[in-house]
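Engineer: Below are the chains, spelled out letter by letter.
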Amino acid sequence: MLRCLFVFVCLLHTMLGVMGAVTPKPIIINGTYINPELGKYHARLRSIARSCLQIKKNHGATQDGMYILTTESGTYYQTFCDMTTAGGGWTLVASVHENNINGKCSFGDRWSSQQGNDQSLPEGEASWANTATFGSAEGSTSDDYKNPGYYDISAQDVSVWHVPNNEQLKKWTSSAILRYHTESQFLKEHGGNLYHLFKKYPVRFGAGQCKSDMGPSSSVVYDTGDKDSTSNLYGPSVRNEFESGFITFRVFNTDQSAMAMCSGIKPSGCNTQHYCIGGGGFFAQPEQCGDFTALDLKETFKQPTQSAVLLFYR
Amino acid sequence: MLRCLFVFVCLLHTMLGVMGAVTPKPIIINGTYINPELGKYHARLRSIARSCLQIKKNHGATQDGMYILTTESGTYYQTFCDMTTAGGGWTLVASVHENNINGKCSFGDRWSSQQGNDQSLPEGEASWANTATFGSAEGSTSDDYKNPGYYDISAQDVSVWHVPNNEQLKKWTSSAILRYHTESQFLKEHGGNLYHLFKKYPVRFGAGQCKSDMGPSSSVVYDTGDKDSTSNLYGPSVRNEFESGFITFRVFNTDQSAMAMCSGIKPSGCNTQHYCIGGGGFFAQPEQCGDFTALDLKETFKQPTQSAVLLFYR
Amino acid sequence: MLRCLFVFVCLLHTMLGVMGAVTPKPIIINGTYINPELGKYHARLRSIARSCLQIKKNHGATQDGMYILTTESGTYYQTFCDMTTAGGGWTLVASVHENNINGKCSFGDRWSSQQGNDQSLPEGEASWANTATFGSAEGSTSDDYKNPGYYDISAQDVSVWHVPNNEQLKKWTSSAILRYHTESQFLKEHGGNLYHLFKKYPVRFGAGQCKSDMGPSSSVVYDTGDKDSTSNLYGPSVRNEFESGFITFRVFNTDQSAMAMCSGIKPSGCNTQHYCIGGGGFFAQPEQCGDFTALDLKETFKQPTQSAVLLFYR
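Protein chains in written order, with full-length UniProt numbering: chain A, 1 to 314; chain B, 1 to 314; chain C, 1 to 314.
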């Protein structure tokens, strides 16, 4: 009986025979996929969902790796799910990668501007608050990355990984120089993701003042590293300008230049260009314009600027 | 009996068990998908076709939204289908998005040139007549977009939507400031799509003269707006240089600078840089070089340059 | 009995009924796909594999065209398989396309640098040895292309096609001005693909000397053209600087400027910028910086610089 059952089921997929005739062909024999790669593909497809958290919750997935997601509108895409950290269910939605720390809002600065420092473009590429997508999950330590999940997923928390440039996917976890996540559910108050958060707190030159117009901040829980290693990411001369153990969004420096994200910290000073990244398309000091702003100008070692910043939602 | 039937059918997809063994798992129970997102994916896949018109005709689809298409060669891609306007069956194949009206043939000007105004590149990026693709359907109001349908679909008519930048897909129809389509079947005479039309009428500096070498023009039927609102898209001082209620392709201005498309109008004058968009890689007046040419120089309000121009085929 | 069988199998895919209910719908009637495009898609999916060679070996595919591949991590992608040349099984993994021979490490030079000639970026984009991907298979004669197979596939040999720019996929074979492949299995010694080869032999300014630090070279077998037509690709004044009938990777010129690939030849001289392509982000002579280096400066006809270089693995 079982044998019979699979004879039926096997006759699903097809091949192109002579004269273009399309006839079904078996894909399963005796309960096993003839092509194991098709089996793996079907396993991924079976758990298709709006987020890695849903894949975890509804389909019991437990392994880190690539999964298939869909937006509300039905755009299908692939990305990496972290299914293990702090209960898992984290969707990789973006990476900020600095391809040229000397290039100032030049090609490759998709999280600030690729148009040069330009006062007429105060929001620059505007990637933080639009639906443009670019790059690929497997390439996210070699290039900027943003997938539809960035604007589509309804989430509560973020997780951030600093992974050395060009590291291959299977080594991300072990190679990361810093990994942490929030548990405060702060995104619930800001539309459920960074797309909506940055609509509310625009990353735009001149849209606010240092300190008084700082956006949301949340405490973090460390997965790799701690408060001290966070502090060491940034230059010694500015370490008295922030508190470690937080993540903060949309800040302004002394000049009203806007930055998108301060990874691992909450600023108390106004030289945010030395410890916050991303930004608008104009900086009063042109040498600060770029995906990694002016991180390089103060740092004593190269790790932070030579690592991509991977952003996850849950 | 029915119950039995579905027990059989359910055993299709698989999961990765211990030791990497790939065994089938049910996807349907009692006639219902266990995972509704998989059900929606299969529904989209079931209607896969070369165009939205085929999806409409052969599979009876009636809802606007994302569908799955294939090229003749078998490249699969996703795009938005307008299944309601004037009978539906419209495939979104491209969008022209101006990311920086002050950038003159700078980064992001994929429908003119990203190399700066350069006489040695008279066709610029050549996107109007090549098979390069870029962007995504959901991001097409935030970035330039071109999918394989642009060169693959065999069509008769075009539809054009002017949608405010960064508008989300579900609000495109209601937010559009102008929507119209042709019913003249003019594409039949020009190879069935814009790729072939522009092979015949190259968008190349110096390849022709104003008026005498104007490419195809077709009258249009309005879906949002009318002749007056079309006229109001452009600067008051040039409104006597065109007639509303048309769409025109490949024109030259006084300087023999080439433009690809005059949306909503048929030019009678030669300052086409103020009411036609797209272009080659060289303009005799450098300030005209860009995806949106010199629209900004004459306009009295910002709507046209702050809206993406979405192109559909049927 | 057969009829009965297909009644069962047919009830797989689904449609979105009223109220969003997702119920299965037949996809096959009497052993034939209702939608032939779905049949073709399933045929492609049935043979999903890590490389075109596996598709050929394990699934008996014999036709050139688009297939579906997967990386080890489970990133799915589409590319062109050459299933006929010298036994077939060749996977298209990349194309080097020169969009602007006058642009020197400008936008579009993804196989050298898009940042301008810059000594602080000796590896430029680093595309030869990272996991960034870009472009599309069908667009690979109109734009640079690199898919996940470039770094994921474990191969032994390469095949190279020089195809005129903007040629459509179905005409690639007949239009190619030069086609050849290796049979030496040289990639086995270098990690199984060019990604690993270039990790070992970095394409970096100053990382070595002309001649003494030349990377791997292999003899080739011609599929279109011969040693003479290879020689004619390059300028007459430099033809005494190389031997035809080879392919060579990672060379330096007199100035220690690095190039990635010398197509069809093995250099014996040091003006490699005139017959080798790709490169790092800095050239001692700025006019040599670009995907096609200084090919233009010495050539007598335009074919080589107006053809894309397609790279296949087997």
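Keep in mind the hints are simulated off the structure, nothing from the lab. Note that the coordinates shown come from a computational prediction; the quantities given were computed from them, not determined experimentally. Be aware that a few hints might be false.
Each pair may be met inside one copy or between any two copies, as identical chains are not told apart.
As the list claims (entries may be wrong) - In the PhoX-like style, the derived pairs of lysine-lysine whose C-alpha atoms are separated by at most 20 angstroms in a straight line are:
hint	residue 1	residue 2
1	170	104
2	266	227
3	211	200
4	188	40
5	171	200
6	211	104
7	170	199
8	199	188
9	25	40
10	40	211
11	211	25
12	40	170
Engineer: Regarding residue 170 and residue 104, is the shortest C-alpha distance of 20 angstroms or less found within a copy, between copies, in both, or in neither?
Structural biologist: The answer is neither: 32 angstroms in one copy and 36 angstroms across copies each exceed 20 angstroms.
Engineer: For residue 211 vs residue 200, is the C-alpha pair at or below 20 angstroms within one copy, between two copies, both, or neither?
Structural biologist: Within. Shortest intra-copy distance 17 angstroms satisfies the 20 angstroms Cα cut-off; inter-copy 48 angstroms does not.
Engineer: At most 20 angstroms between CA atoms: does that hold for residue 171 and residue 200 within a copy, between copies, both, or neither?
Structural biologist: Answer is between; shortest inter-copy Cα gap is 19 angstroms, intra-copy 36 angstroms.
Engineer: Reference check for the pair residue 211 and residue 104, CA-CA at most 20 angstroms: within, between, both, or neither?
Structural biologist: Neither: 25 angstroms inside a copy, 36 angstroms across copies.
Engineer: Give the relationship of residue 188 and residue 40 under a CA distance limit of 20 angstroms: within one copy only, between copies only, both, or neither.
Structural biologist: Neither way: residue 188 and residue 40 sit 34 angstroms apart in one copy and 27 angstroms across, limit 20 angstroms.
Engineer: Checking residue 199 and residue 188: alpha-carbon separation at most 20 angstroms within a copy, between copies, both or neither?
Structural biologist: Within one copy only: 14 angstroms inside, 44 angstroms across.
Engineer: Within, between, both or neither: how does the pair residue 40, residue 211 come out at a Cα-Cα threshold of 20 angstroms?
Structural biologist: neither (50 angstroms within a copy, 47 angstroms between copies)
Engineer: Quick one: residue 266 to residue 227, C-alpha cut-off 20 angstroms, is that within a copy, between copies, both, or neither?
Structural biologist: Answer is within; shortest intra-copy Cα gap is 12 angstroms, inter-copy 54 angstroms.
Engineer: Tell me, please, which holds for residue 211 and residue 25 at an alpha-carbon limit of 20 angstroms: within, between, both or neither?
Structural biologist: So residue 211 and residue 25 fail the 20 angstroms test inside a copy (65 angstroms) and across (55 angstroms) alike.
Engineer: Is it within a copy, between copies, both, or neither that the alpha carbon of residue 25 lies no farther than 20 angstroms from that of residue 40?
Structural biologist: Intra 18 angstroms, inter 12 angstroms, cutoff 20 angstroms: intra and inter.
Engineer: Is it within, between, both, or neither for residue 40 and residue 170, if the alpha carbons may be no more than 20 angstroms apart?
Structural biologist: within (17 angstroms within a copy, 31 angstroms between copies)
Engineer: My question is about residue 170 and residue 199: at a cut-off of 20 angstroms on alpha-carbon distance, are they close within one copy, between copies, both, or neither?
Structural biologist: between (34 angstroms within a copy, 17 angstroms between copies)
Hint violations for this structure: numbers 1, 4, 6, 10 and 11, all remaining hints satisfied.
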